[in-house]
Amino acid sequence: MARVVVDVVMKPEILDPQGQAILGALGRLGIQGVSSVRQGKHFELEVEDGLSDETLNQLADTLLANPVIEDFTIRR
Amino acid sequence: MITFPGSLDDRDALRAIRLAGGEPVPLWHGDRDLAGVSAVVLPGGFSYGDYLRCGAIARFSPAMQSVIEGAHDGLPVLGICNGFQVLCEAHLLPGALIRNDHRKFVCRDQRLRIESNETVWTRDYEPGQQIVVPLKNGEGGYVADRRTLDELEGEGRVVARYLDDNPNGSYRNIAGISNADGNVVGLMPHPEHAVEDLTGPSTDGLTFFTSVLQKMMSSAGGTAA
Chain A
1 MARVVVDVVM KPEILDPQGQ AILGALGRLG IQGVSSVRQG KHFELEVEDG LSDETLNQLA
61 DTLLANPVIE DFTIRR
Chain B
1 MITFPGSLDD RDALRAIRLA GGEPVPLWHG DRDLAGVSAV VLPGGFSYGD YLRCGAIARF
61 SPAMQSVIEG AHDGLPVLGI CNGFQVLCEA HLLPGALIRN DHRKFVCRDQ RLRIESNETV
121 WTRDYEPGQQ IVVPLKNGEG GYVADRRTLD ELEGEGRVVA RYLDDNPNGS YRNIAGISNA
181 DGNVVGLMPH PEHAVEDLTG PSTDGLTFFT SVLQKMMSSA GGTAA
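Protein sequences appear in the order of chains A and B. Taking this note's numbering, the leading residue of the first sequence gets 1, the next gets one more, and so forth. Taking this note's numbering, the leading residue of the second sequence gets 1, the next gets one more, and so forth.
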């Protein structure tokens, strides 16, 4: 078995209200120097060693991420 | 009318179909067989708890496989609120719905302009007609890339637009869109909550349901559900 990590974030041109809320909270926490926060999703998959890159790409592209609004990266 | 685990507005949708003169048929998300219905309503709510993304899991339900096939063959499909999100996730409609730009849930009576009566769900509205129906969503911001937005506008596929201030950050004030054939419509506001004077701010929403029934009566002479 192998661990595969898929990270999903909103495309840069799509507004991320949750990230903005976090940014606002950082200011209230008194933390300076952070100009932007983008919130995303982090998936950890336990997969068989032989699972192909193509299959991983397909599962990320059809279910884990919505390619209309999100980008994803796969690390294995 | 398809109920998913977490659907909220399925009862109101069934009632709206009945008040419009149709025969409401309750279906379950696990049903692959749509029981021969003449049209499908996907109701509002939080299908599968909105896990992953709104509508993302519902898209893969057995009933939705039949809806997707039917929609490509011209089956009238109306997705309201969460139903709209399901239609976008299923790629029956372009774009996506994201969290409201002001980050708060919005619940109010909303003025809309019907921009297109070229769909089976809006054909009995006057073009440009203003209506008032309830709006209630946390993730109702309609987004799409500029090319898609231009295409929707150019092809007259923006079905309804928000009037007054934009309630959720939707691009170009878009409240509802249709597919190219006009049989699939997604709408963030709730026409099924505006079908009776006693419970709604108006009865303006009823025309969505009577439109599709009239269309089926005139084209097939059959019964509708």
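Hints are computed from structural coordinates only; laboratory data are not their basis. For each residue, glycine too, the CB sits at the ideal point set by N, CA and C. Hints should not be assumed to be uniformly reliable.
What the hints assert, rightly or not - Straight-line distance between alpha carbons at most 20 angstroms, and here's what the computed EDC-like set of lysine to aspartate or glutamate pairs gives:
#: 1; chain 1: B; residue 1: Lys215; chain 2: B; residue 2: Asp101
#: 2; chain 1: A; residue 1: Lys11; chain 2: B; residue 2: Glu196
#: 3; chain 1: B; residue 1: Lys104; chain 2: B; residue 2: Glu196
#: 4; chain 1: B; residue 1: Lys215; chain 2: B; residue 2: Asp164
#: 5; chain 1: A; residue 1: Lys41; chain 2: A; residue 2: Glu13
#: 6; chain 1: A; residue 1: Lys41; chain 2: B; residue 2: Asp50
#: 7; chain 1: B; residue 1: Lys136; chain 2: B; residue 2: Glu196
#: 8; chain 1: B; residue 1: Lys136; chain 2: B; residue 2: Asp204
#: 9; chain 1: A; residue 1: Lys11; chain 2: B; residue 2: Asp145
Claimed, not checked - Simulated restraints, written as ranges between beta carbons of each label pair:
#: 10; chain 1: A; residue 1: Gln58; chain 2: B; residue 2: His72; range: 14 to 24 angstroms
#: 11; chain 1: B; residue 1: Gly49; chain 2: A; residue 2: Gly19; range: 14 to 24 angstroms
#: 12; chain 1: A; residue 1: Val37; chain 2: B; residue 2: Tyr51; range: 14 to 24 angstroms
For this session: Could you check the structure against the hints above and give me the numbers of any it violates, in ascending order?
Result: 1, 2, 3 and 4
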